[in-house]
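J.: Here are the chains, one letter per residue:
There are 2 protein chains.
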Amino acid sequence: MKHGCDFPGPQGARKEECMLDLEKLYSTTARATRKSAIRELLKLADKPEVISFAGGWPSPDLFPVDTISDLMVKVLKERGRKVLHYSKAEGEVGLKEELIRLMAKDGVTAEAENILVLTGSQQGLDMLPKAFVDRGDVVFVETPTYVGAIQAFDNYGTHMVPVETDDNGMDAAALEKSIAEWKQRGQADRLKMVYLIPDFQNPSGITMTEERRRGVLEVAARHGLLVVDDAPYRDLRFEGEPVPSLYALDKKQSVISLYTFSKTLVPGLRVAWAVGPRQLIDKLTTLKQSVDLCSSALSQHVVADYLAGGCMERYLPMFNADYRHKRDIMLDAMDKYLPKLEGLKWTRPEGGLFIWVTLPEKMDAEKLFHAAVRENVAFVLGSAFHPSGGLKNCFRLNFSFAAPDRIHEGVSRLGRALTKFAQESA
Amino acid sequence: MKHGCDFPGPQGARKEECMLDLEKLYSTTARATRKSAIRELLKLADKPEVISFAGGWPSPDLFPVDTISDLMVKVLKERGRKVLHYSKAEGEVGLKEELIRLMAKDGVTAEAENILVLTGSQQGLDMLPKAFVDRGDVVFVETPTYVGAIQAFDNYGTHMVPVETDDNGMDAAALEKSIAEWKQRGQADRLKMVYLIPDFQNPSGITMTEERRRGVLEVAARHGLLVVDDAPYRDLRFEGEPVPSLYALDKKQSVISLYTFSKTLVPGLRVAWAVGPRQLIDKLTTLKQSVDLCSSALSQHVVADYLAGGCMERYLPMFNADYRHKRDIMLDAMDKYLPKLEGLKWTRPEGGLFIWVTLPEKMDAEKLFHAAVRENVAFVLGSAFHPSGGLKNCFRLNFSFAAPDRIHEGVSRLGRALTKFAQESA
Numbered sequence: 377m378k379h380g381c382d383f384p385g386p387q388g389a390r391k392e393e394c395m396l397d398l399e400k401l402y403s404t405t406a407r408a409t410r411k412s413a414i415r416e417l418l419k420l421a422d423k424p425e426v427i428s429f430a431g432g433w434p435s436p437d438l439f440p441v442d443t444i445s446d447l448m449v450k451v452l453k454e455r456g457r458k459v460l461h462y463s464k465a466e467g468e469v470g471l472k473e474e475l476i477r478l479m480a481k482d483g484v485t486a487e488a489e490n491i492l493v494l495t496g497s498q499q500g501l502d503m504l505p506k507a508f509v510d511r512g513d514v515v516f517v518e519t520p521t522y523v524g525a526i527q528a529f530d531n532y533g534t535h536m537v538p539v540e541t542d543d544n545g546m547d548a549a550a551l552e553k554s555i556a557e558w559k560q561r562g563q564a565d566r567l568k569m570v571y572l573i574p575d576f577q578n579p580s581g582i583t584m585t586e587e588r589r590r591g592v593l594e595v596a597a598r599h600g601l602l603v604v605d606d607a608p609y610r611d612l613r614f615e616g617e618p619v620p621s622l623y624a625l626d627k628k629q630s631v632i633s634l635y636t637f638s639k640t641l642v643p644g645l646r647v648a649w650a651v652g653p654r655q656l657i658d659k660l661t662t663l664k665q666s667v668d669l670c671s672s673a674l675s676q677h678v679v680a681d682y683l684a685g686g687c688m689e690r691y692l693p694m695f696n697a698d699y700r701h702k703r704d705i706m707l708d709a710m711d712k713y714l715p716k717l718e719g720l721k722w723t724r725p726e727g728g729l730f731i732w733v734t735l736p737e738k739m740d741a742e743k744l745f746h747a748a749v750r751e752n753v754a755f756v757l758g759s760a761f762h763p764s765g766g767l768k769n770c771f772r773l774n775f776s777f778a779a780p781d782r783i784h785e786g787v788s789r790l791g792r793a794l795t796k797f798a799q800e801s802a
Numbered sequence: 377m378k379h380g381c382d383f384p385g386p387q388g389a390r391k392e393e394c395m396l397d398l399e400k401l402y403s404t405t406a407r408a409t410r411k412s413a414i415r416e417l418l419k420l421a422d423k424p425e426v427i428s429f430a431g432g433w434p435s436p437d438l439f440p441v442d443t444i445s446d447l448m449v450k451v452l453k454e455r456g457r458k459v460l461h462y463s464k465a466e467g468e469v470g471l472k473e474e475l476i477r478l479m480a481k482d483g484v485t486a487e488a489e490n491i492l493v494l495t496g497s498q499q500g501l502d503m504l505p506k507a508f509v510d511r512g513d514v515v516f517v518e519t520p521t522y523v524g525a526i527q528a529f530d531n532y533g534t535h536m537v538p539v540e541t542d543d544n545g546m547d548a549a550a551l552e553k554s555i556a557e558w559k560q561r562g563q564a565d566r567l568k569m570v571y572l573i574p575d576f577q578n579p580s581g582i583t584m585t586e587e588r589r590r591g592v593l594e595v596a597a598r599h600g601l602l603v604v605d606d607a608p609y610r611d612l613r614f615e616g617e618p619v620p621s622l623y624a625l626d627k628k629q630s631v632i633s634l635y636t637f638s639k640t641l642v643p644g645l646r647v648a649w650a651v652g653p654r655q656l657i658d659k660l661t662t663l664k665q666s667v668d669l670c671s672s673a674l675s676q677h678v679v680a681d682y683l684a685g686g687c688m689e690r691y692l693p694m695f696n697a698d699y700r701h702k703r704d705i706m707l708d709a710m711d712k713y714l715p716k717l718e719g720l721k722w723t724r725p726e727g728g729l730f731i732w733v734t735l736p737e738k739m740d741a742e743k744l745f746h747a748a749v750r751e752n753v754a755f756v757l758g759s760a761f762h763p764s765g766g767l768k769n770c771f772r773l774n775f776s777f778a779a780p781d782r783i784h785e786g787v788s789r790l791g792r793a794l795t796k797f798a799q800e801s802a
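Taken in order, these protein sequences are the chains called A and B. Okay, so the first sequence: first residue is 377 according to this note's numbering, each after it adds one. Okay, so the second sequence: first residue is 377 according to this note's numbering, each after it adds one.
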C-alpha cells in the first residue's frame, strides 16, 4: 500500500539528506543545544569490560518487579478503563492523598492543591525555567550542581550563577553577596530563584546543614526569590539524623520541592511530583497541559496502591541497606587503593548514590578519565556539574548501580589509573 | 517527626498565602499563560446529567484491557528489571522496529534514526516550537486548528497565522500568498513551519486531498519551511480510500510526522512518536533529554509486543466499526433534530472523532453553548480552535466517547437548544 511514494533507494531506506536549512530554521534554544559532551565521552566507556561508576542509576536488582506486576494486574482489573484513559493534568486524586501521607512523615504539610504530579522530576526541571526564566534571567546554584538541571535551564537561556558551596552546603553569606552584586548592577528584576539539592546532593553527596538551610531560605525570602528544593535522594538516608527539609523549614511559602519515585521505587513508572504554593502549582498545572497533557493514570494508580499497601516501608529499607553496603565497599576500597596524593579528597555521604572526588588542583579529570577507561573503569567528569565547565579537577562516582565485587574491582582499577597518572603528571 | 515546622494551623494545613510576588517572578510565557477559557467553560457542563460531546476522547469501552494486562505481566516477567529502569531518550529499539513495520504499511519508509519516541504526541507539540520558535516567529496553521497546538505554540510566543482552509484542506495558493506577504514585510527569517492535521482533522473532521497535500508541500519546500504532519487520527478511517500521507509524499525530507497510540490503542500508556529527517530527530532527542529524560520503557515494550503479536490488526477494526456506527448515529440525529437554518452546515468525516458545525454567520456559539448546557448537552466552541479566537459561529462535536443512545439523545437536546436559540435570536 504505497501512495505516490517513489523515493526509496535500493535498500528501501530514506537516505536523502534533509533539504531544509535546519540551522537557519532552529530557535536560539535549538542552535545553542549541543549533544552532551559527557554523554559522548561516556560512549568510550560503553563496553562490557568497563566497570562504570558513571550512571546516576538505582540498582535494578532491588526493583520489586513482582509486586509491581501484581499491582498492575489489580489496578487494570479494578479500574482498567479509567487508568488507561487520559488523566487530569494535576494528577490523580488517590495518588495525591498517598503523597500527602508520605510527606507528613517527613514534617511536610500539604494539601492536594499544593501538589502537581510530574512525568519524572526532570519534567519539573524543564517546567520551572519555562515558568520563571526569560533569556538572561538569573538562577543561583550550588557548586557543583546537577547536570540535568544545567541542561534544562540552559534551554531557556538561563544565566546560572554558581554560589560558593562547601561540605555544609551552599553558603548563605556568599549567596547574599552574589545577589547584592547583581542588584548593584541594576539586574534585580533578572533574579528569579535559588536551585538546591540539599540532601545527598547530586553530584557531591553532601547534605546541607539545618543552619545553612535556614540561612539560604532567609536570604532568598528577603530578596523575593523562589527556592527550588530538588529532593530525589532525601529518603535514601543510611545513617545519621535527617535534617529538616527546606519545604518544612519554609515559613514564607517560597519553596517548591521536587520529589520522585525513580530512586526509591523504579524509574520506569515515570512518577514524580512537585509540592509548593498553590498559586504556583496552579500555574504549573496550566503549563503541564501543553507540555504532555497528563502523566499516566496507570502508573499513578500503581504507585498509589504501592504506598497504600505499605510497600514503601517494606522495600525502602532494603534499598538503603544495599546502598549503604555498597557505599562502604566503595569508601573502603578508595581508602585502600587510591594513592596518597596531596590535595586528593572525597566526600563520605550519609546517603544517596554518589561520592565526589577532588583531585590535586592541577590534575585534569578528563585526562584521568581516558587513563581510567584504558584500565576499564569510568566516572563522570566534574565539569559536567558546573554551568561553565569549571571543577576540572573533580569527578563523580556512583555506588548504587554496580555489584559489590565490581565496585571493589572498579576502585582498584581506578587506583591503578590514578597512581600511574599521578606519576606521569609529576 | 516534625522538624522545626511550626506553621500548620488548626487543621494542620498550610493555609498561608505565598509571600513571593509570583507575577513579578514569572517568565513572559507564564505571565501570558491563562487557564483555558474552554476548560473553565466546560466545568459548567461537568454534571452527570449533561451529555458531553466536548472531550476529544476515545471510547474506553474499546480498550483491550485484558490484553494489555497480559502483556504487562509478560513484559515484567521477561524483562522487568530492564523495562522498569531508565530508557534511552530516543526510545526503545524493539518499539522502533515495530513502528517501522507499522508505517511501512502506510507507504512510509523510515529507519530507527528517523524516529523519536514521545511521551504522548502533545510532547511533540511542545518540543517543535522549543526547537524552532523564537518569540514572534511565524507558524502557518489551518483554519480551524488543534487547540492543544495553539496552547503549546503560544507558550513559545509563536505568531500563529491561520491560512484559508476549506473542505479540501489548507489552500496552497492562500499559503503562498500569506508567505509572500510576510516576506514583503521583511520577515522571511521569521517564517518557520506549516502545521497541518491532514487526516480527519481536529476539530473539523476534514481530510486534505492529495492535490492540496502536494501543493502545500511544494510551497513549503520552495520557501524552506518545515511541514508538521500531526496524524493522530490517520488510522481511524471508516470508509473511502486513504490519501497518501504528507510524509510519504514528501521528496525533500521536509516533513516531520507525529503519530500516537492514544487514539488507536489507549491514551494511558502515553506512547507516541515522531518520524522525520534524521538530523532533526537527533536535535529533538537532545532536547528530550532535558524535557523528561526518556519515555517509559515498560509502556514502550507493552506497545511493541502488542504490535508484534498482531493485536493492532485484531482490535483496530473494532475501534473503526464502533466509531463509524457512532458517527452515523450522530449524523442521522443531526439530520433529524437540527433545525433547517440558512447557513447551518456540518462536516461528514470519513473517519476520526469529530464533526464540525458552522452556524448561521451571526449566531454566537458561546450563547448557544449556555442554552445547550441548560438542555444538558455540551460541545467545544469553535473559537478554541482559532489562534485569535475567531470562528465564533462554529463548534465541535465528538462522536467517539458517548454511548450510541446518549449520542441520539444528546443531539435531540442540541436540536431543541438550537431551535429555541434560533427563534430567540430571530
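Hints should not be assumed to be uniformly reliable.
Label pairs and their in silico Cβ distance ranges [stated by the list, open to error]:
| # | chain 1 | residue 1 | chain 2 | residue 2 | range |
| --- | --- | --- | --- | --- | --- |
| 1 | A | E587 | B | R511 | 40 to 50 angstroms |
| 2 | A | G512 | B | D565 | 18 to 28 angstroms |
| 3 | A | E454 | B | M694 | 17 to 27 angstroms |
| 4 | A | E617 | B | R511 | 26 to 36 angstroms |
| 5 | A | K411 | B | E718 | 58 to 68 angstroms |
| 6 | A | E454 | B | E425 | 36 to 46 angstroms |
| 7 | B | P424 | A | E454 | 47 to 57 angstroms |
| 8 | B | D542 | A | K400 | 23 to 33 angstroms |
| 9 | A | A488 | B | E718 | 14 to 24 angstroms |
Dumping the calculated PhoX-like pairs for lysine-lysine here, alpha-carbon to alpha-carbon at most 20 angstroms [as the list claims (entries may be wrong)]:
| # | chain 1 | residue 1 | chain 2 | residue 2 |
| --- | --- | --- | --- | --- |
| 10 | B | K743 | A | K453 |
| 11 | A | K400 | A | K411 |
| 12 | B | K453 | A | K450 |
| 13 | A | K453 | B | K738 |
| 14 | B | K716 | B | K481 |
| 15 | B | K458 | A | K423 |
| 16 | A | K628 | B | K400 |
| 17 | A | K738 | A | K712 |
| 18 | A | K464 | B | K419 |
| 19 | B | K411 | B | K400 |
| 20 | B | K743 | A | K419 |
| 21 | B | K768 | B | K738 |
| 22 | A | K743 | A | K716 |
| 23 | B | K400 | A | K559 |
| 24 | B | K419 | B | K627 |
| 25 | B | K464 | B | K481 |
| 26 | B | K796 | B | K768 |
| 27 | A | K796 | A | K716 |
| 28 | A | K464 | B | K400 |
| 29 | B | K743 | B | K721 |
| 30 | A | K464 | B | K559 |
| 31 | B | K716 | B | K796 |
| 32 | A | K627 | A | K481 |
| 33 | B | K738 | B | K721 |
| 34 | A | K400 | B | K559 |
| 35 | B | K768 | B | K743 |
| 36 | A | K796 | A | K721 |
| 37 | A | K627 | A | K559 |
| 38 | B | K796 | B | K721 |
| 39 | B | K419 | B | K453 |
| 40 | B | K628 | A | K400 |
Since the hints were derived computationally from the structure, they do not count as laboratory data. Every residue, glycine too, gets a C-beta built ideally from N, C-alpha and C.
J.: Take the hints in turn and mark each one as holding or not.
T.: Hints, one by one, checked against the model:
1. In this structure, E587 of chain A and R511 of chain B meet the distance hint of 40 to 50 angstroms, their C-beta atoms being roughly 42 angstroms apart.
2. At about 21 angstroms, the beta-carbon gap between G512 of chain A and D565 of chain B stays in the expected band of 18 to 28 angstroms.
3. One distance hint, 17 to 27 angstroms for the beta-carbon pair E454 of chain A and M694 of chain B, holds here, with the actual separation near 23 angstroms.
4. In this structure the hint that E617 of chain A and R511 of chain B lie 26 to 36 angstroms apart at CB is violated, the actual value being about 48 angstroms.
5. One distance hint, 58 to 68 angstroms for the beta-carbon pair K411 of chain A and E718 of chain B, holds here, with the actual separation near 60 angstroms.
6. Under the hint 36 to 46 angstroms, the C-beta atoms of E454 of chain A and E425 of chain B, about 26 angstroms apart, miss the expected range.
7. Look at P424 of chain B against E454 of chain A: about 21 angstroms separates their beta carbons, and that is not inside 47 to 57 angstroms.
8. The beta-carbon spacing between D542 of chain B and K400 of chain A, approximately 32 angstroms, falls within the hinted interval of 23 to 33 angstroms.
9. For A488 of chain A paired with E718 of chain B, a C-beta distance near 50 angstroms fails the hint of 14 to 24 angstroms.
10. Among the hinted pairs, K743 of chain B with K453 of chain A is inconsistent with the structure: their alpha-carbon atoms are about 43 angstroms apart, more than 20 angstroms.
11. Taking the CA atoms of K400 of chain A and K411 of chain A, the gap is about 18 angstroms. The hint holds against a cut of 20 angstroms.
12. Distance hint between K453 of chain B and K450 of chain A is fulfilled; the C-alpha atoms sit about 16 angstroms from each other, no more than 20 angstroms.
13. Note on K453 of chain A and K738 of chain B: the hinted pairing is violated, with a Cα-Cα distance of about 50 angstroms set against a maximum of 20 angstroms.
14. A threshold of 20 angstroms between alpha carbons decides the hint, and for K716 of chain B with K481 of chain B the separation of about 43 angstroms lies outside it, so the pair is violated.
15. Straight-line distance between C-alpha atoms of K458 of chain B and K423 of chain A comes to about 18 angstroms, which keeps the hinted pair within the 20 angstroms bound.
16. For the suggested pair K628 of chain A and K400 of chain B, the alpha carbons sit about 16 angstroms apart, so the restraint of at most 20 angstroms is met.
17. Of the supplied pair hints, the one linking K738 of chain A and K712 of chain A is violated, its CA atoms being roughly 23 angstroms apart against a limit of 20 angstroms.
18. Between K464 of chain A and K419 of chain B, the direct Cα distance comes to roughly 13 angstroms. Compliance with the 20 angstroms bound is thereby established for this hinted pair.
19. Using a Cα cut-off of 20 angstroms, the hinted pair K411 of chain B and K400 of chain B holds, with the two alpha carbons roughly 18 angstroms apart.
20. Distance check on the hinted pair: K743 of chain B and K419 of chain A sit about 61 angstroms apart at the alpha-carbon level, beyond 20 angstroms; violated.
21. Annotation: proposed proximity of K768 of chain B to K738 of chain B holds, straight-line Cα distance about 9 angstroms (limit 20 angstroms).
22. Between K743 of chain A and K716 of chain A, the direct Cα distance comes to roughly 19 angstroms. Compliance with the 20 angstroms bound is thereby established for this hinted pair.
23. About 16 angstroms separates the Cα atoms of K400 of chain B and K559 of chain A, which keeps this hinted pair within 20 angstroms; it holds.
24. For the proposed pair K419 of chain B and K627 of chain B, the alpha carbon gap of about 46 angstroms is over 20 angstroms, so the pair is violated.
25. At most 20 angstroms may separate the alpha-carbon atoms for a hinted pair to count; K464 of chain B and K481 of chain B exceed this at roughly 26 angstroms.
26. Taking the CA atoms of K796 of chain B and K768 of chain B, the gap is about 19 angstroms. The hint holds against a cut of 20 angstroms.
27. With a C-alpha separation of about 13 angstroms, the suggested pair K796 of chain A and K716 of chain A falls inside the 20 angstroms cut-off, and the hint holds.
28. The straight-line distance between the Cα atoms of K464 of chain A and K400 of chain B is roughly 28 angstroms, outside the 20 angstroms bound, and the hint therefore fails.
29. For the suggested pair K743 of chain B and K721 of chain B, the alpha carbons sit about 18 angstroms apart, so the restraint of at most 20 angstroms is met.
30. Simply put, K464 of chain A and K559 of chain B have alpha-carbon atoms about 42 angstroms apart, too far for the 20 angstroms limit, and the pair is violated.
31. Restraint check for K716 of chain B and K796 of chain B: satisfied, since their Cα atoms lie roughly 13 angstroms apart, inside the 20 angstroms limit.
32. The suggested pairing of K627 of chain A with K481 of chain A holds, with an alpha-carbon distance near 18 angstroms, which does not exceed 20 angstroms.
33. Using a Cα cut-off of 20 angstroms, the hinted pair K738 of chain B and K721 of chain B holds, with the two alpha carbons roughly 14 angstroms apart.
34. Distance hint between K400 of chain A and K559 of chain B is fulfilled; the C-alpha atoms sit about 16 angstroms from each other, no more than 20 angstroms.
35. Annotation: proposed proximity of K768 of chain B to K743 of chain B holds, straight-line Cα distance about 10 angstroms (limit 20 angstroms).
36. At roughly 18 angstroms between alpha-carbon atoms, K796 of chain A and K721 of chain A fall within 20 angstroms of each other, so this suggested pair holds.
37. Distance check on the hinted pair: K627 of chain A and K559 of chain A sit about 24 angstroms apart at the alpha-carbon level, beyond 20 angstroms; violated.
38. Under the criterion of a C-alpha separation no larger than 20 angstroms, the hint pairing K796 of chain B with K721 of chain B is consistent with the structure, at around 18 angstroms.
39. Only pairs whose Cα atoms come within 20 angstroms are accepted, and K419 of chain B paired with K453 of chain B is rejected, the gap being roughly 42 angstroms.
40. A C-alpha spacing of about 16 angstroms is found between K628 of chain B and K400 of chain A, which places the hinted pair at or below 20 angstroms, so the restraint holds.
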